[in-house]
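2 protein chains.
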Amino acid sequence: MKLATLKKKGHPDGHLVVVSTDASHCVDASAVAPSLIDALQRWDEVRPALEQLAQVVNNAADRERLGSLPFEPDQCAAPLPRAVQWLDGSAFLNHSHLMERAFNVPPVANLDTIPLMYQGASDDFLGPHDEVPLPDVADQIDFEGEFGVVLADTPMGVSAEEALDYVRLVVLLNDWSLRAFGPREAKSGFGFLQAKPSTAFAPIALTPDELGPDWREGRVHLKLHTWRDGHWFGHPHAGAMHFSFAELIAHAARTRRLKAGTILGSGTVSNADPKVGSACIAERRMVEAVASGSPSTPFLHFGERVRMEARGEQSDQSPFGVIEQTVVQYRRSQH
Amino acid sequence: MKLATLKKKGHPDGHLVVVSTDASHCVDASAVAPSLIDALQRWDEVRPALEQLAQVVNNAADRERLGSLPFEPDQCAAPLPRAVQWLDGSAFLNHSHLMERAFNVPPVANLDTIPLMYQGASDDFLGPHDEVPLPDVADQIDFEGEFGVVLADTPMGVSAEEALDYVRLVVLLNDWSLRAFGPREAKSGFGFLQAKPSTAFAPIALTPDELGPDWREGRVHLKLHTWRDGHWFGHPHAGAMHFSFAELIAHAARTRRLKAGTILGSGTVSNADPKVGSACIAERRMVEAVASGSPSTPFLHFGERVRMEARGEQSDQSPFGVIEQTVVQYRRSQH
Numbered sequence: 039m040k041l042a043t044l045k046k047k048g049h050p051d052g053h054l055v056v057v058s059t060d061a062s063h064c065v066d067a068s069a070v071a072p073s074l075i076d077a078l079q080r081w082d083e084v085r086p087a088l089e090q091l092a093q094v095v096n097n098a099a100d101r102e103r104l105g106s107l108p109f110e111p112d113q114c115a116a117p118l119p120r121a122v123q124w125l126d127g128s129a130f131l132n133h134s135h136l137m138e139r140a141f142n143v144p145p146v147a148n149l150d151t152i153p154l155m156y157q158g159a160s161d162d163f164l165g166p167h168d169e170v171p172l173p174d175v176a177d178q179i180d181f182e183g184e185f186g187v188v189l190a191d192t193p194m195g196v197s198a199e200e201a202l203d204y205v206r207l208v209v210l211l212n213d214w215s216l217r218a219f220g221p222r223e224a225k226s227g228f229g230f231l232q233a234k235p236s237t238a239f240a241p242i243a244l245t246p247d248e249l250g251p252d253w254r255e256g257r258v259h260l261k262l263h264t265w266r267d268g269h270w271f272g273h274p275h276a277g278a279m280h281f282s283f284a285e286l287i288a289h290a291a292r293t294r295r296l297k298a299g300t301i302l303g304s305g306t307v308s309n310a311d312p313k314v315g316s317a318c319i320a321e322r323r324m325v326e327a328v329a330s331g332s333p334s335t336p337f338l339h340f341g342e343r344v345r346m347e348a349r350g351e352q353s354d355q356s357p358f359g360v361i362e363q364t365v366v367q368y369r370r371s372q373h
Numbered sequence: 039m040k041l042a043t044l045k046k047k048g049h050p051d052g053h054l055v056v057v058s059t060d061a062s063h064c065v066d067a068s069a070v071a072p073s074l075i076d077a078l079q080r081w082d083e084v085r086p087a088l089e090q091l092a093q094v095v096n097n098a099a100d101r102e103r104l105g106s107l108p109f110e111p112d113q114c115a116a117p118l119p120r121a122v123q124w125l126d127g128s129a130f131l132n133h134s135h136l137m138e139r140a141f142n143v144p145p146v147a148n149l150d151t152i153p154l155m156y157q158g159a160s161d162d163f164l165g166p167h168d169e170v171p172l173p174d175v176a177d178q179i180d181f182e183g184e185f186g187v188v189l190a191d192t193p194m195g196v197s198a199e200e201a202l203d204y205v206r207l208v209v210l211l212n213d214w215s216l217r218a219f220g221p222r223e224a225k226s227g228f229g230f231l232q233a234k235p236s237t238a239f240a241p242i243a244l245t246p247d248e249l250g251p252d253w254r255e256g257r258v259h260l261k262l263h264t265w266r267d268g269h270w271f272g273h274p275h276a277g278a279m280h281f282s283f284a285e286l287i288a289h290a291a292r293t294r295r296l297k298a299g300t301i302l303g304s305g306t307v308s309n310a311d312p313k314v315g316s317a318c319i320a321e322r323r324m325v326e327a328v329a330s331g332s333p334s335t336p337f338l339h340f341g342e343r344v345r346m347e348a349r350g351e352q353s354d355q356s357p358f359g360v361i362e363q364t365v366v367q368y369r370r371s372q373h
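Residue numbers (my numbering), protein chains in the order written: chain A, 39 to 373; chain B, 39 to 373.
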């Protein structure tokens with residue numbers, strides 16, 4: 039099942055729709071649940087009705103008879119425009135190692151046995167085609183492409199073995215980052231804050247079954263393609279995740295329960311092979327620094343576009359849809 | 039105006055009530071706004087109606103005529119049982135200095151000019167009399183008493199001079215902490231996660247005017263009293279905040295807007311004078327270690343009770359009500 043949230047003025051949680059498998063059409067789901075957060079709270083109760091709507095939207099005759107809309111990603115908010123929790127792991131060790139060097143911080147002990155994870159801001163997620171207003175290019179504007187899972191109510195102390203039972207949806211996201219703040223905030227001990235402006239999401243949230251065999255072992259086995267201003271930037275494969283989502287969930291729930299609607303991210307998708315490129319600029323700059331002594335790829339300027347999309351090995355399908363955004367100078371009167 | 043949230047089964051945001059100034063009675067506010075988060079989103083629209091309810095609940099005759107309930111804090115959830123964002127500063131430098139020593143981490147640069155602030159979990163706040171289920175006393179269970187503000191939609195780049203215009207409510211909270219995770223998580227660069235289980239709140243959220251002169255210069259000028267199992271633990275004065283809430287808000291909004299319902303904490307209330315005691319165990323242990331070479335006060339055991347309450351210099355009023363909770367062994371079947 040594919041779900042999305044349309045923007046709705048005066049409704050910060052937006053308006054839930056069920057999207058066809060080919061992402062051509064959608065049907066209003068508000069009679070079942072007005073918003074995705076409401077659906078997640080009552081998932082077992084609402085899931086059958088949402089699945090019926092999925093059957094309708096996937097059948098041209100039913101769609102005609104019962105009513106549907108063309109699916110327009112530029113009308114979409116993030117699947118959860120705001121959430122109660124956004125946790126972000128760093129499950130690709132290649133990324134962790136490169137960022138340690140980029141930030142010039144000491145190596146973290148037990149990096150391969152204890153996941154790194156920070157608590158992110160969940161009050162203001164950007165839609166897939168929203169502008170990204172930021173105050174200053176001197177803050178070193180970067181993108182970070184990654185996958186995430188959306189959880190049901192998850193008990194404290196859940197084991198990795200049972201953790202995947204609590205995964206309700208899979209999402210694709212761009213964890214926008216401001217690298218100039220990274221080193222100081224990492225060294226402060228308090229973690230990232232000014233370094234992490236609002237995160238953006240692809241329009242479609244999928245139930246794991248929708249990914250078929252590309253969802254296995256608690257990992258999304260798809261390539262994450264990124265383009266910067268129309269130029270290829272990378273297509274690392276997310277199957278390389280060192281810690282699975284199961285292990286990340288168990289880590290997050292070690293000392294507390296996690297409430298429905300919690301989003302948990304994989305961290306930047308990253309492969310050791312430099313030929314596949316990167317899902318963030320900081321990584322490429324560090325690869326350049328190692329190869330030639332200094333980085334040559336600049337961080338983003340205002341006006342640049344970043345596009346992200348997940349695709350399988352053979353398939354030309356795009357299960358989550360596309361994130362494509364332009365970074366702009368923040369102006370208080372406009373944003 | 040005093041607001042509180044009663045627990046309501048199947049409604050994770052609870053049920054909004056307006057509480058009398060003496061905290062003896064409350065009136066149902068659900069016809070105005072079903073929940074506090076809804077009221078915060080539409081504050082300018084709903085505030086006049088909520089103020090009318092405050093007049094009703096503060097007048098015995100009106101109360102009789104129009105209906106009210108006795109105000110029962112043990113029926114309360116946190117004012118926001120879940121929120122879109124929980125940010126916690128460390129605005130009392132005495133606390134920051136002691137915790138650097140407690141965690142044995144290097145001093146942070148510019149501690150007195152750039153606020154320390156971490157992003158906390160906002161999905162699961164505890165009510166003032168809820169049990170605190172935690173997995174293991176070996177995690178070094180500690181409390182942290184502090185004040186917080188609840189914000190309206192706040193623009194990116196807001197200055198400290200204008201930031202207080204966005205404060206809607208003031209709250210009192212216990213930021214439960216597990217000290218065993220602190221040093222590793224601080225050194226990881228990713229900040230606190232397992233070290234921060236669910237945070238608890240006093241029952242009453244106040245509009246700043248309700249505090250009169252005790253709310254000034256972006257600070258709460260009240261003592262925060264803490265008792266551990268009935269024994270006095272401390273009463274540091276929160277006027278000693280080095281960074282004001284205005285400065286904390288400006289710091290948090292440097293690179294992004296903050297959405298309505300964001301809660302921003304002061305960090306543990308702390309005074310340099312050891313005679314006033316502490317609002318957390320870790321501080322007292324560090325004071326003991328400095329004085330005698332090793333700490334003598336243990337962290338909490340299961341079954342211990344922690345009580346917190348804010349009081350003014352002369353007054354015996356308790357504007358936020360009391361947080362009084364017992365720490366218990368987490369059992370999956372019960373919690």
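If you're looking for bench data, these hints aren't it; they were derived computationally from the structure.
Predicted model only: the values in this text are computed from it and were never measured.
Treat each hint with caution, since some may be false.
Chain copies aren't distinguished; within one or between two, either way the pair holds.
[What the hints assert, rightly or not] Derived EDC-like pairs: lysine to aspartate or glutamate, alpha-carbon spacing no greater than 16 Å straight-line:
{"hint": "1", "residue 1": "Lys-47", "residue 2": "Asp-191"}
{"hint": "2", "residue 1": "Lys-261", "residue 2": "Asp-177"}
{"hint": "3", "residue 1": "Lys-261", "residue 2": "Asp-311"}
{"hint": "4", "residue 1": "Lys-261", "residue 2": "Glu-351"}
### Query
Which of the stated hints cannot be reconciled with the structure, identified by number in ascending sequence?
2
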